[in-house]
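Residue numbers (the working numbering), protein chains in the order written: chain A, 4 to 496; chain B, 0 to 68.
Derived by calculation from the structure, the hints in this document are not laboratory data.
Note that beta-carbon positions come from the ideal geometry of N, C-alpha and C, so glycine has one too.
Warning: the hint list may mix true and false statements.
[What the hints assert, rightly or not] Cut-off 30 Å, straight-line C-alpha distance, at most; resulting in silico cross-link-like pairs (BS3-like, lysine-lysine): (1) A:Lys272 - B:Lys19; (2) B:Lys11 - A:Lys325; (3) A:Lys477 - B:Lys58; (4) B:Lys11 - A:Lys292; (5) B:Lys19 - A:Lys47; (6) A:Lys431 - A:Lys477; (7) B:Lys18 - A:Lys26; (8) A:Lys54 - B:Lys66; (9) B:Lys11 - A:Lys46; (10) A:Lys28 - B:Lys66; (11) A:Lys46 - B:Lys66; (12) B:Lys19 - A:Lys29; (13) A:Lys26 - B:Lys19; (14) A:Lys33 - A:Lys54; (15) A:Lys270 - B:Lys11; (16) B:Lys18 - A:Lys33; (17) B:Lys66 - A:Lys53; (18) B:Lys11 - A:Lys314; (19) A:Lys28 - B:Lys58; (20) A:Lys46 - B:Lys19; (21) A:Lys212 - A:Lys292; (22) A:Lys292 - B:Lys58; (23) A:Lys292 - B:Lys19; (24) A:Lys326 - B:Lys11; (25) A:Lys29 - B:Lys58; (26) A:Lys395 - B:Lys11; (27) A:Lys54 - B:Lys19; (28) A:Lys270 - B:Lys58; (29) B:Lys19 - A:Lys33; (30) A:Lys53 - B:Lys18; (31) B:Lys58 - A:Lys212; (32) A:Lys272 - B:Lys11; (33) A:Lys212 - B:Lys18; (34) B:Lys19 - A:Lys395; (35) B:Lys11 - A:Lys47.
[Said to hold, decoys possible] Derived list of chain B stretches under chain A, where covered just means 3 residues or more per stretch with a C-beta under 8 Å from a C-beta of chain A: (36) 3 to 16; (37) 19 to 28; (38) 46 to 54.
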Amino acid sequence: MSVMSREETEALINEVLEVYPAKAKKDRAKHLTANDHEIEQSKKCITSNKKSLPGVMTIRGCAYAGSRGVVWGPIKDMIHISHGPVGCGQYSRSGRRNYYIGTTGVNAFVTMNFTSDFQEKDIVFGGDKKLAKLIEEIEQLFPLNKGISVQSECPIGLIGDDIEAVSKKAAKDIGKTVVPVRCEGFRGVSQSLGHHIANDAIRDWALGKRDDDNSFETTPYDVAIIGDYNIGGDAWSSRILLEEMGLRVVAQWSGDGTISEMELTPKVKLNLVHCYRSMNYISRHMEEKYGIPWMEYNFFGPTKTDESLRKIASFFDETIQKKAEEVIAKYKLEYQAVIDKYKPRLEGKKVMLYIGGLRPRHVIGAYEDLGMEVVGTGYEFAHNDDYDRTIKEMGNATLIYDDVTGYEFEEFVKKIKPDLIGSGVKEKYIFQKMGIPFRQMHSWDYSGPYHGYDGFAIFARDMDMTLNNPCWKKLQAPWKADAAEDAAVAASA
Amino acid sequence: MPNVMIRQNEGKMTLYVAKKDQEDEISSIEFNSEDSWGGTIELTDGTRYFIEPLDAPPKLPITLRAKRG
Chain A
4 MSVMSREETE ALINEVLEVY PAKAKKDRAK HLTANDHEIE QSKKCITSNK
54 KSLPGVMTIR GCAYAGSRGV VWGPIKDMIH ISHGPVGCGQ YSRSGRRNYY
104 IGTTGVNAFV TMNFTSDFQE KDIVFGGDKK LAKLIEEIEQ LFPLNKGISV
154 QSECPIGLIG DDIEAVSKKA AKDIGKTVVP VRCEGFRGVS QSLGHHIAND
204 AIRDWALGKR DDDNSFETTP YDVAIIGDYN IGGDAWSSRI LLEEMGLRVV
254 AQWSGDGTIS EMELTPKVKL NLVHCYRSMN YISRHMEEKY GIPWMEYNFF
304 GPTKTDESLR KIASFFDETI QKKAEEVIAK YKLEYQAVID KYKPRLEGKK
354 VMLYIGGLRP RHVIGAYEDL GMEVVGTGYE FAHNDDYDRT IKEMGNATLI
404 YDDVTGYEFE EFVKKIKPDL IGSGVKEKYI FQKMGIPFRQ MHSWDYSGPY
454 HGYDGFAIFA RDMDMTLNNP CWKKLQAPWK ADAAEDAAVA ASA
Chain B
0 MPNVMIRQNE GKMTLYVAKK DQEDEISSIE FNSEDSWGGT IELTDGTRYF
50 IEPLDAPPKL PITLRAKRG
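Can you build the whole structure from these sequences, using the hints too?
Below, the structure written as C-alpha cells:
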C-alpha cells in the first residue's frame with residue numbers, strides 16, 4: 004500500500020546521492036534503502052552503526068549522552084556527576100523530560116547538574132583529588148542521596164584519571180554505591196555505545212548488591228519495566244496497565260527509577276523490555292546470570308498494546324491471562340472513541356520519521372491505528388538488529404535511512420511530500436518553515452505520555468492538533484493564492 | 000574469537016554476537032547429544048562458528064568463546 008513503487012524509491016535515493024563526491028556517495032548509498040519484505044536480514048540491504056562522515060550534518064550524540072543522559076540520568080535518587088568541564092552537563096541538563104516523583108534537591112536529583120568543572124590545572128595535574136572532594140561535598144550537602152555515579156567526559160579518558168580507584172575508596176568512606184562510568188564522549192560512533200557502557204557499569208557495580216539478601220518478599224507476578232525513561236510520564240501510563248492485569252512492577256528502568264529498584268530487579272520473574280536498543284545488554288546479562296526471561300513489548304497504539312498485553316500474559320498463569328483480556332476489553336471502549344474521533348481527520352496522511360532508539364519502528368502501529376501511513380523511517384544510532392525488526396513493520400518499498408544527513412532528509416521530504424514529520428528539535432524549524440507539520444518525537448514535543456491506552460488518546464490529539472492546525476493554510480501570501488479559489492470565493496459572494 | 004551468547008528465543012536456539020549485534024537462528028549444531036555438545040555451529044544465513052565441545056548440554060543462555068568455523 005505504499006505510495007511509491009520500488010523503482011521510484013530507488014530512483015529517488017540515486018537522485019539525492021548525485022551531488023556527493025564519488026567516495027561519499029558510495030558510503031552514503033549503503034545507509035539508504037527501499038524496504039524489501041523478502042530480505043530477512045537487514046545487513047544485506049542497509050549498513051548501520053558506522054562513523055558519520057565528516058562534512059555532512061548528523062544529529063547523533065556521544066557516549067556521554069547515551070550514559071548520563073539516557074540510562075543513568077533518570078535514576079532519581081542517585082547523584083550523577085558530570086566529571087569534566089562544565090558544558091557537557093550544563094547543556095544536557097533536564098532536557099529529556101524524564102518525569103519523577105520526589106523533591107528535587109532533597110531526595111531526587113534528576114534535573115540538577117553536578118559537575119567537577121575541570122580547569123586547566125585539573126587537566127595538567129589530574130582531577131582525582133577534585134573528584135574525591137566533590138563526592139565528600141555531595142555527601143554533606145545532599146545526605147539523602149542513595150548513591151553516586153561518575154560520568155566521565157572526554158578529558159578524563161584522555162588524561163587517564165583513575166576514577167575507579169576514587170570511586171571504590173569513596174564508596175567505602177560514605178557507605179553508598181559509587182559507580183564510575185567510562186562513558187567518554189569520543190568512544191564509539193554515537194550514543195549507542197554509551198548505552199552499552201552504562202549497562203555494563205550497572206552490571207559490574209550495582210546490579211548484584213542484593214544477591215545474597217533474600218529479605219525481599221517476592222510474588223510469582225513480579226516484573227520489571229526495562230528501558231522506559233518516563234518521558235512525559237510514559238512509564239506511569241504503562242505501569243498502570245501492568246498493575247491492572249495483576250502483575251507487580253518491582254522496578255522501573257530507569258525513568259522514575261531508584262537504585263534500590265535496580266538492585267531488586269534480579270529477583271523478578273520477567274523483564275519487560277521497551278527500548279531494546281539501550282537496555283538489551285542488561286536484559287541478556289540477567290537472563291544468563293539469574294535466568295530471568297525477557298521480552299520486547301510495544302505500548303504505542305491500541306493494536307500493539309493489545310498484542311503486547313496478551314504476550315506478556317502468556318508468560319503467566321490463567322488468572323493473569325483472564326485479567327489481561329478484561330483490561331483490553333475495558334479500555335477498548337475508550338480507545339475506540341478516540342479512533343472514531345480522530346481517524347476521519349487523519350486518515351490517509353503520510354508520515355516520515357527520523358528518531359532514535361525504538362520509536363522509528365514502535366510508533367508505526369500507533370499511526371496505523373489512526374489510518375495514517377509511515378512512508379519513511381530511520382534511526383540515528385541503530386544497529387543491524389534494529390533494522391531486522393524494522394523491515395517487518397514497514398510497508399514494502401518504503402524508504403529507510405540510517406544516520407540520515409541534513410541534506411538527504413530535506414531532499415527526501417521535498418520529493419515525498421509527507422503530511423507530517425516526526426523528528427528532533429534540530430529538524431523542527433527547518434521543516435516548519437518549509438510548511439510541513441512537524442512533531443518533535445524525542446520528548447513528545449513537550450506533551451505526553453504516549454504509552455498505553457491513555458497515552459494513545461494524547462498521541463491522537465497531538466497529531467490532529469499539529470496536522471489540522473489552521474496555520475498551515477496561512478503560509479502562502481494572499482496575493483499568491485490560487486486563482487481558481489479566488490473565483491470560487493467571488494462566485495459565492 | 001568473539002564471545003557469543005547462545006539462548007532460546009521463542010523455542011528456537013539463537014546465537015548472539017555482542018560485537019556485531021547479530022542474533023541469528025542456529026540451523027545446525029555438530030554435537031547435540033547427552034555426552035557432548037558444541038562443535039561447528041551453522042546459522043541460518045550460512046555463517047559458521049566453532050565452539051569447543053562441552054561434556055554435556057549446557058543450561059541456556061550461556062556465553063562461550065567461539066572461533067570462526
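Hint by hint, here is what the structure shows:
At most 30 Å may separate the alpha-carbon atoms for a hinted pair to count; Lys272 of chain A and Lys19 of chain B meet this at roughly 29 Å. For the proposed pair Lys11 of chain B and Lys325 of chain A, the alpha carbon gap of about 27 Å is at most 30 Å, so the pair holds. Pair hint Lys477 of chain A plus Lys58 of chain B does not hold up; C-alpha atoms about 65 Å apart against a cutoff of 30 Å. Straight-line distance between C-alpha atoms of Lys11 of chain B and Lys292 of chain A comes to about 20 Å, which keeps the hinted pair within the 30 Å bound.
Taking the CA atoms of Lys19 of chain B and Lys47 of chain A, the gap is near 14 Å; set against the 30 Å cutoff, the hint holds. Taking the CA atoms of Lys431 of chain A and Lys477 of chain A, the gap is about 18 Å. The hint holds against a cut of 30 Å. For the suggested pair Lys18 of chain B and Lys26 of chain A, the alpha carbons sit about 27 Å apart, so the restraint of at most 30 Å is met. Proposed proximity of Lys54 of chain A and Lys66 of chain B is supported: the alpha carbons are some 27 Å apart, at most 30 Å.
Of the supplied pair hints, the one linking Lys11 of chain B and Lys46 of chain A holds, its CA atoms being roughly 21 Å apart against a limit of 30 Å. Pair hint Lys28 of chain A plus Lys66 of chain B does not hold up; C-alpha atoms about 35 Å apart against a cutoff of 30 Å. Taking the CA atoms of Lys46 of chain A and Lys66 of chain B, the gap is about 21 Å. The hint holds against a cut of 30 Å. For a cut-off of 30 Å, the pair hint linking Lys19 of chain B to Lys29 of chain A stands: about 22 Å separates their Cα positions.
Only pairs whose Cα atoms come within 30 Å are accepted, and Lys26 of chain A paired with Lys19 of chain B is accepted, the gap being roughly 25 Å. With a C-alpha separation of about 13 Å, the suggested pairing of Lys33 of chain A with Lys54 of chain A holds against the 30 Å cut-off. As the CA atoms of Lys270 of chain A and Lys11 of chain B are separated by approximately 25 Å, the hinted pair is consistent with the 30 Å bound. As the CA atoms of Lys18 of chain B and Lys33 of chain A are separated by approximately 20 Å, the hinted pair is consistent with the 30 Å bound.
For the suggested pair Lys66 of chain B and Lys53 of chain A, the alpha carbons sit about 24 Å apart, so the restraint of at most 30 Å is met. Restraint check for Lys11 of chain B and Lys314 of chain A: satisfied, since their Cα atoms lie roughly 17 Å apart, inside the 30 Å limit. About 47 Å separates the Cα atoms of Lys28 of chain A and Lys58 of chain B, which puts this hinted pair outside 30 Å; it is violated. A C-alpha spacing of about 11 Å is found between Lys46 of chain A and Lys19 of chain B, which places the hinted pair at or below 30 Å, so the restraint holds.
Between the alpha carbons of Lys212 of chain A and Lys292 of chain A the distance comes to roughly 14 Å, so the proposed pair stays at or under 30 Å and holds. The suggested pairing of Lys292 of chain A with Lys58 of chain B holds, with an alpha-carbon distance near 11 Å, which does not exceed 30 Å. Distance restraint check for Lys292 of chain A and Lys19 of chain B: the Cα-Cα separation of roughly 22 Å lies within the 30 Å cut-off, and the hinted pair is therefore satisfied. Distance check on the hinted pair: Lys326 of chain A and Lys11 of chain B sit about 29 Å apart at the alpha-carbon level, within 30 Å; holds.
Restraint check for Lys29 of chain A and Lys58 of chain B: the C-alpha separation of about 45 Å exceeds 30 Å, so the hint is violated. Distance check on the hinted pair: Lys395 of chain A and Lys11 of chain B sit about 19 Å apart at the alpha-carbon level, within 30 Å; holds. Of the supplied pair hints, the one linking Lys54 of chain A and Lys19 of chain B holds, its CA atoms being roughly 15 Å apart against a limit of 30 Å. For the hint linking Lys270 of chain A to Lys58 of chain B, the alpha-carbon distance of about 19 Å falls within 30 Å, and the restraint holds.
For the given pair, Lys19 of chain B sits about 17 Å from Lys33 of chain A by alpha-carbon distance, which is consistent with the 30 Å threshold. Between Lys53 of chain A and Lys18 of chain B, the direct Cα distance comes to roughly 13 Å. Compliance with the 30 Å bound is thereby established for this hinted pair. Pair hint Lys58 of chain B plus Lys212 of chain A holds up; C-alpha atoms about 24 Å apart against a cutoff of 30 Å. The straight-line distance between the Cα atoms of Lys272 of chain A and Lys11 of chain B is roughly 21 Å, inside the 30 Å bound, and the hint therefore holds.
Between Lys212 of chain A and Lys18 of chain B, the direct Cα distance comes to roughly 27 Å. Compliance with the 30 Å bound is thereby established for this hinted pair. Between Lys19 of chain B and Lys395 of chain A the CA atoms are separated by roughly 21 Å; this keeps the pair inside 30 Å, and the hint holds. Our distance criterion of 30 Å between C-alpha atoms is met by Lys11 of chain B and Lys47 of chain A, whose separation comes to about 22 Å. Closer than 8 Å: that is the beta-carbon criterion, and the segment 3 to 16 of chain B has 3 residues meeting it against chain A, so the requirement of 3 holds.
Interface restraint, the segment 19 to 28 of chain B with chain A: holds (5 residues with C-beta to C-beta distance below 8 Å; minimum three). For the segment 46 to 54 of chain B, the stated coverage by chain A is violated: 0 residues have a C-beta nearer than 8 Å to a C-beta of that chain, whereas at least 3 were required.
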